[in-house]
Amino acid sequence: MVIGVLLGILVGVLPGLGAPNGVSLLLPLTFGMQPVSAIILLSSMYWGALFGGSVTSILFNIPGEPSSVATTFDGYPMARDGRPTTALATAFGSAAFGALAGVVLITLSASWVAKVALAFGPPEYFAVYFLAFASFVGMGGSPPIKTLVSLAIGFALAAVGIDTVSGSVRLTMGIDELVKGISFVVAVMGLFGIGELLIAVEDELQVKAISSKVEWREVFRTVAHLPRYGWVLLRSAAIGCWMGITPGGPTAASFMSYGIAKRLSSRRANFGKGEPEGIIAPETADHAAGTSALLPMLSLGIPGSATAAVMMGGLMIWGLNPGPMLFIEQKDFVWGLIASMYLGNVVAVILVLLTVPIFAALMRVPFFIIAPLIVIICAVGAYSVSNSYLDVVLMMGFGLLGYLFKKLHYPLAPLVLATVIGDKAEDAFRQSMLMSKGSLGIFFSNTLVTTLVLLGAALLVLPVIWQTLGKMAARSPARQ
Amino acid sequence: MVSGRALETATALLTGTFGAAVVISSLDNGIGWSAAGVDAGTFPFIVGLIILSGSVFNLVQGWLQARDIVLRPSELKRLGILFIPAAIYVGLIPLIGMYLASAGYVFGALAWHKRGSFIFSAVAGIGTAVALYLIFELTFQVSLPRGALGDVLGF
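Chains as they are written, first to last, in the working numbering: chain A, 22 to 501; chain B, 268 to 422.
You can trust all of the hints, since none of them are fake.
Result set (DSBU-like, lysine-lysine): computed pairs, CA atoms no more than 35 Å apart in a straight line:
(1) A:LYS294 with A:LYS428
(2) A:LYS352 with A:LYS201
(3) A:LYS428 with B:LYS344
(4) A:LYS458 with A:LYS201
(5) A:LYS201 with A:LYS428
(6) A:LYS427 with B:LYS344
Quick caveat, the hints were computed from the structure, so don't treat them as lab data.
Here the structure is a predicted model, which means the values were calculated and not measured.
Please take these sequences and the hints and turn them into a complete structure.
In structure tokens, the structure reads:
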């Protein structure tokens, strides 16, 4: 677990390597391990990455993770003003609270959700998938059509290879090696690893380090002061949990939480200048979302974030089938994982505080040394998934695609999500069609399924309505 | 210099081509309804259509709206300095194997930037290859490709 957390912090600190990427790099190495220890390693790494991302945001104004971008707004100014310890402690304290809120939520509701989900048939499942994908398009914050394209590309990638229902070979474009399909690990490494590297190299990284000494007395004092911001903490945790369960993801959660905190705060003018609330809000939401994203993954088999999607892919490779049956067949595994979440977060907080100076020193290693190493790690990682050179080439291709998508604000998370669960969604759809002999009416055959489908449809058209309303609002004052 | 318009157009054309390829390729698997249920090509066919139409929309949008410059020459140059060697590295793997390629890549990157001495760069390159061997071949028993050169040498 300690190794996992340390690796996670490393991945989180390094720009160009993020949590989804780090977890997928470790995946091929865990195939020989017991599933329980493997998932603990991976989830510890996840916590580490979430914390590590905040360290660089605060000390260097460089977010190590997309989700810690919002932390730079107030974290960096506070550290620059000579209070780096306060900034770090505030961030970690609120992050731990957010993560705790997420874990408690999982502990309390996971088995209940799983029980409800046991009654699900294929149409219900498809409706839930539909809802998840629709909420991406509707609430992701990126241009809806770009989200849709990204999502659909993910589905198409998932369909490559042998079709599980009919056994026929699909979309290989005449390349025999593609019969085995395209592994999501390869896609993630290219999209996030190489893609982010290319984004990072674009602006010359000038690391202006702030003294990174941690004063312990200051840490305790800051954490003791946190309850004063109880309302902000609770609100941000709630936002985070909500965005984590519905696949909005940690990045959207932290921005949303920051925005709301800024709007509602009585010290609005201080935001952007080192206001504690401006650190608490995004950090709490970020970690709450990151943690609670595992709830739908475990109980429904629908991951709430890109990293959760990668982890779920890992579960499937280890022969575990995420979803309600997991709670019956693999009780030990599920509760072992949940227990490790409590412990893992505590370990992560302690380790990250202890190692801040070391990792801060690492940031001073010039980028031109780190960049080739990341390329090599990604190439070896892609190769080791199935010992195929084609995967390495594909990975580089995905890298270019990831760069273009990042640059033009296409979201990447839907693509990853769709590559992981695309097959399942398709199977659910085709099984429902078999049940109903080809009639779409099955998606309106009972209250549950109808509600889910309608909710999904509402989320799908919501952005269009908002946009039109926004345009109308913009036009009407012009007319007067 | 690259404008937002050019980048948007290129990306939309890329995704659009992919979508078209998916649509055409899924026609081979059959679309629609048969005795065995929904045909294998149906789902990819719909997905391909979504990609295609979405790309057309993005193409038009990008053409109309994105006018400012998104990539300055200096940025483009830095991108090239990172990506071209990386592409060469991947291209060399089947020829000289992953170990040699990785060592050469690290050595080349360090020597290019002229930081540290020639010997330091060489040590770092060899160190990378050794580390890869220790971690993957010995610890996790993943055999990395040796390339055509490796076959010749019998390694």
